[in-house]
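S.K.: Sequence:
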Amino acid sequence: MATSAFRLRLAARAIAQGGVIAYPTEAVFGLGCDPLNEQAVTRLLALKQRDPAKGLILIAAERDQLEPYVDFDSPQVSARIGDTWPGPVTWILPARPQTPAWLTGAHDTLAVRVTAHPTAAALCRACGDAIVSTSANHSGQTPARTLSAVRLRFGDELDSVVPGHCGGQAGPTEIRDSRTGKVLRAG
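Mapping to our numbering: the sequence shown position 21 is 35, numbers consecutive.
Do not rely on the hints blindly, as some may be mistaken.
The calculated EDC-like cross-link candidates involving lysine to aspartate or glutamate, where the alpha carbons are at most 16 Å apart (straight line), are [as the list claims (entries may be wrong)]:
| hint | residue 1 | residue 2 |
| --- | --- | --- |
| 1 | Lys62 | Glu171 |
| 2 | Lys62 | Asp173 |
| 3 | Lys62 | Asp170 |
| 4 | Lys68 | Asp122 |
Everything labelled a hint here was simulated from the structure, so no lab data went into it.
Just so you know, these numbers come straight off a predicted model, no measurement behind them.
Can you build the whole structure from these sequences, using the hints too?
M.R.: Have a look at this one:
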């Protein structure tokens, strides 16, 4: 069942107002916010109990939404990404100089993905930009795969929850290094 346009607009409005939301992705529910809102990212990291030095993942509906954050200029990088997008493959790319440190953590790179999940992609389109995407769980715990699990873990701490079903991905998305092609996390 597709998520209603109304629910997507509510979630996009919450993000625009600095909120933290939950939404379904390829494998699990994700927590998300506006990547350019430092207060929202700080709140998301606190909710998740995640070390800011680890950096975050951004998801987008189209590659163009990621252009302000990462460097796609190398033909080698474009060739590696090739047919993996849209899809459940996250790539580590060189961050642009203007990409905020609250996204990259202790790295000069950023993890990004063009999602094939219809609800997550529609949410990015409704926001008009990429959004932060990290699994809906406290660090070290099992990620939430259902709406009820999200509500149980985070209660009213979230500003919006997008209903829907996660995709068929059994585990987390694969993560690859764009410079080497090496798989850093199997999908």
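S.K.: Tell me the hint numbers this structure goes against, listed in increasing order.
M.R.: Violated hints: none; all satisfied.
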